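Colleague: With chain A held as given, fit chain B onto it using these hints.
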Amino acid sequence: MPAKKASAAALLAENLLRLLRQRCEQGQGELLTLATLARMADPAAGPRAVLGVLYQRRTFGPLVVAARRDLDAPVALIEDMPRLAASPQLLEYALRCVRTASNHAASLAELKRKLTVKLQAPFQEAVQQQMQQATLPPSVGWLLIKSAKKLFLLSDVHQAQPGTRSDGEPARPTRDAINPPLSISPSPHLDFTGAFEDAFSRLDRQAGGYNFVSLADLRPAVPCDRAVFDTGLRELRLAGRYTLSAAEGRHGLTLAEREAGVNEDGTLLLFVSRKAP
Amino acid sequence: MTASALADGPTRGANDTASDDLFAHLLSANPFTDNRVNGPAPDGADVDDIHRAGFERLTALANEACRLRRGLGVVLWGEPGIGKSHVLARLGRWADVDGPVPFVYLHNLQASPEGLPRSVLRAVVSILTAGRSARFRGTPLFRLVASFAHEAFDYDPSVRPPWHAVERAYGRLVERERPGLVERTAYAVLFRFFLSAYRVDEGHNNGVAPLAVRWLAGDYLDPSEAARLRLPPGPARDEPVGLADNQQVKQVLVVLARLAQSARRPLLLGFDQVDNLDDAQMAALARFLEALLDTAPNLLVVTAGVQATLMHWRQTGQIQESAWHRLAQFEVALQRVTPAEAERIVAVRLACFLAPCRGRAALPQDALFPLGQAWLAEALRSKIDVRPRDVINWAREGLAREQEALCRAGGPAWLAMWGRQPLVRPDAEPEADPLAIQAAIDRCVLQEVLEQRAQRLAHPETLPPDADNLSGLVGALLEQCRALGPPYAVAAVQRPAASPRSGPRAAHDLLLRRRSEEGEERSRLLFLVTTSATSAAASLRRLTEAPERDGRTFLVTDQRLPLELGARGREYLEALRDGDSGRFQHVELTFADYIDLDSLQAVVGLARSGDLERNGPGGASWPVSEAETLQSLHRQGCYRSAPLLRDLLAERTPAAAVMT
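These protein sequence lines map, in sequence, to chains A and B. Just so we're aligned: the first sequence equals residues 253 to 529 in our numbering. Just so we're aligned: the second sequence equals residues 225 to 884 in our numbering.
FYI, nobody ran anything at the bench for these hints, they're computed from the structure. Just so it is clear, the structure is predicted and the values come from calculations on it, not from any experiment. It is possible that part of the hints are untrue.
As the list claims (entries may be wrong) - Computed far set for chain B versus chain A, every beta-carbon distance over 12 Å:
(1) 249
(2) 253
(3) 271
(4) 381
(5) 390
(6) 393
(7) 447
(8) 457
(9) 538
(10) 552
(11) 580
(12) 626
(13) 722
(14) 784
(15) 802
(16) 811
As the list claims (entries may be wrong) - Covered stretches of chain A, going by a simulated chain B footprint (3 or more residues, C-beta under 8 Å):
(17) 289-301
(18) 460-469
(19) 482-494
Glycine included, each C-beta is placed from N, C-alpha and C at the ideal position.
So that you can see chain A by itself, here it is in the shape it has in the complex (with noise of 0.2 Å):
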């Protein structure tokens, strides 16, 4: 019945660009992965009509999707493609798509071959550009490498647990214990809750918006030092806003994970949720 399935997956296109459309009309800016969009339009519709969907060329035309075959590819109207191109969410992705359990860097190049074609040039000068001018998004660095400038993900820089030593002797603090290296200079004026909401709402949505981020993740992203983020964390609980849970996953922990956990009572709180209502 292959009319059939046609229709429903011309009709599933449909709906996900009305409600993209919705949702620029409502100011409503922030970028979504194809997944979320899908889970928004349709509850039930499985994956595969989902990326069904993007073989619908003439209702899906006005959309830019940044890879054909990933549910978790964010997607915008072809009006947006700018800021889709320019935006943190899609040069993690590409980092997250290039990325392999032995090579965590990558150049521009490598990177936007990642993405479809419509979206790479775009995308190359807005990183270009972020280089440049030092405005890469608080995840994502750069250096050198025989002489090519590589990308990776901040999170996937090792770093020596502060308070050891290789030798095992306890390690004198050093200037980066005390102030480690990727954290980001703490801001007089910080709206903390603002801008751990919103810290909160990009790497939950780039992980594919299953309310479930680690602090290794949102420590860096929020420029405050770890006292403030400690006790503005504690105040948002408090409110009933967010939730944190224990770090018991069966696949072991990072150094940086270790450190960025909370201690509460002997168990080390690793993940923040919003609070459930």
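Modeller: Then chain B, alone, in the frame of chain A:
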């Protein structure tokens, strides 16, 4: 300590007797001893509004799956001790209310990745038939087929048709479903099961129903048995007949989900603690469930586990993107509870505990008696949110202290002073004493092993005879012995593929290689759990003809499904006994043996998913790691004393063949 020991007054009236009863009751048990749910359980002290939203979401999805005739997948996730198994148990009770479709609760799956779907089907059919091997009338499966037959007559209660009319109407309804060959066969087998099970109570036992159950559960039948069920013959005349592959296993589950539709109830499959599966098992399970959800009408699959582990599997591709989107189409996240909710958990348990005394003895006006509001304020001081398990641990310790005080002071004196003494909260266990920690771990591990055993004894249907599961279980335990190193001298545990890409299928299911002074000692294990004489003979033939015959050979069977051999099978068995000069051993495991093995592995699984915690003074708790659990099982001699393992890990080759 007895009630009479607590009484200290010279004159005794009705009030004194009631008080004595109260004191005796307070000392009789600690209502906070159980801090976990290991499966479907009676409601006990369930607090409806804890995780209410999550529970209601699950029931709404179950109803939606039924209404839309679709397969829906939902992940139920949260940290260990948050209440996932509790919510699943509540879902089980919800499913049990006026419906013939029980909640199928599955955990501790041990089958090989390729055998997992069949193992799931076997467990589903076992639960639907209440673990019975005869007298199936009244079982959920019987009632499901009855519902389908009722639908065939438009649910008209006045119709009392003869059997031939029922069969015709049933057939017409089947045709409306446009079934494929396997589905059509499954519907036909289910009807024969129904008819046979019904007639047993009228004194006509044709023995077809047990055969039907075996075929539906994925077991192989001898050609003569298949003919009695009117099944199409196998590829060759003498070959056993059964579900050929996982696609056919899926189709039987699809048919069961369709039957549940007739009962207007969803088929609910709950996979608890999936995070203790191996990566390859989880990948295989996810692929199978994706295919099942794509096809089955009226099915809700609940996958429960620790969110971080499930997300890790998704990010590393162990669970493929498409499978993830089916399994995790919906999410229910359980979060920590507020102090007010924590108070309700404690209050409800205490209310249930004290119910027999209420109205008889004069109790203090404190809803948390005998813990008291002062205890609560101290326990939850500075807490923002807590895990339910922690609250229960703290309450258990608090109540134990009150019980000690009651014993020390005597009932009336304790009651007179109750609430007036300052609270003393003992310090947490000093972590510096390794021997004390070790002893605490051993207590915790042993207690959990016993709890797991009790759970399985109470629900034998959740552990049906299953060769693949048993083989995986023994393999996993031997692998733990390998990890423990020199004491067991296990060099390798190898599980050959059931369907190798090239070459013939191995004759054994498991190969154990141990180091010994003479070199390497090999033990080959064949798990044979079938009543098909043809299947058994084929397996034994492979074993007798295997080119590698060095080392020991173990034939492992399950007492619940005893080996039935024809003439050929007996010949092969004799050949094995005679030819291996005392190195052949037949071990027939009882259900208790199976439980022993399964409980050990279940405790390791709990530790692996961070769900095994030891308690210390003051209600403090610490997770027990998988490595600590293995060491503890080793220290307590659990491996060497476990059935079958004691033979496999014995120091010397048995002198003679043993037939138990």
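Colleague: If a hint holds in the structure, say so; if it doesn't, say that too.
Modeller: Verification of the hints:
Residue placement check: residue 249 (chain B) keeps its beta carbon more than 12 Å from all beta carbons of chain A (closest about 32 Å). Distance check for residue 253 (chain B) against chain A: the nearest CB is about 27 Å away, which clears 12 Å, and the non-interface claim stands. Distance to chain A confirms residue 271 (chain B) as a non-interface residue, since its nearest Cβ pair spans about 17 Å, more than 12 Å. Every beta carbon of chain A lies more than 12 Å from that of residue 381 (chain B), the smallest distance being close to 34 Å; the non-interface claim holds.
Every Cβ of chain A is farther than 12 Å from the Cβ of residue 390 (chain B); the closest lies at roughly 34 Å, confirming the non-interface assignment. No Cβ of chain A comes within 12 Å of the Cβ of residue 393 (chain B); the nearest lies about 29 Å off, and the non-interface call holds. A cut-off of 12 Å between C-beta atoms confirms that residue 447 (chain B) is not in contact with chain A; the least separation is 40 Å. At the 12 Å boundary, the C-beta of residue 457 (chain B) stays outside the reach of chain A, the nearest C-beta of that chain being 34 Å off.
A cut-off of 12 Å between C-beta atoms contradicts the statement that residue 538 (chain B) is not in contact with chain A; the least separation is 8 Å. With a least CB separation of 8 Å from chain A, residue 552 (chain B) falls inside the 12 Å interface cut-off, contrary to its annotation. For residue 580 (chain B), the shortest C-beta to C-beta distance to chain A comes to about 34 Å, beyond the 12 Å cut-off, and the non-interface label holds. Taking the minimum C-beta to C-beta distance to chain A, about 22 Å, the non-interface status of residue 626 (chain B) holds against the 12 Å cut.
A cut-off of 12 Å between C-beta atoms confirms that residue 722 (chain B) is not in contact with chain A; the least separation is 27 Å. Even its closest Cβ contact with chain A, about 33 Å, leaves residue 784 (chain B) beyond 12 Å, as expected for a residue assigned away from the interface. With a minimum CB-CB distance of about 48 Å to chain A, residue 802 (chain B) clears the 12 Å threshold, and the non-interface call stands. For residue 811 (chain B), the shortest C-beta to C-beta distance to chain A comes to about 32 Å, beyond the 12 Å cut-off, and the non-interface label holds.
For the stretch 289-301 of chain A, the stated coverage by chain B is satisfied: 5 residues place a CB nearer than 8 Å to a CB of that chain, which reaches the threshold of 3. Three residues within the 8 Å Cβ limit are the bar, and the stretch 460-469 of chain A against chain B gives 3, so the coverage statement holds. Counting residues of the stretch 482-494 of chain A whose C-beta lies closer than 8 Å to any C-beta of chain B gives 4; at least three are required, and the coverage claim holds.
Checked against the numbered hints given earlier, the structure breaks hints 9, 10 and satisfies all the rest.
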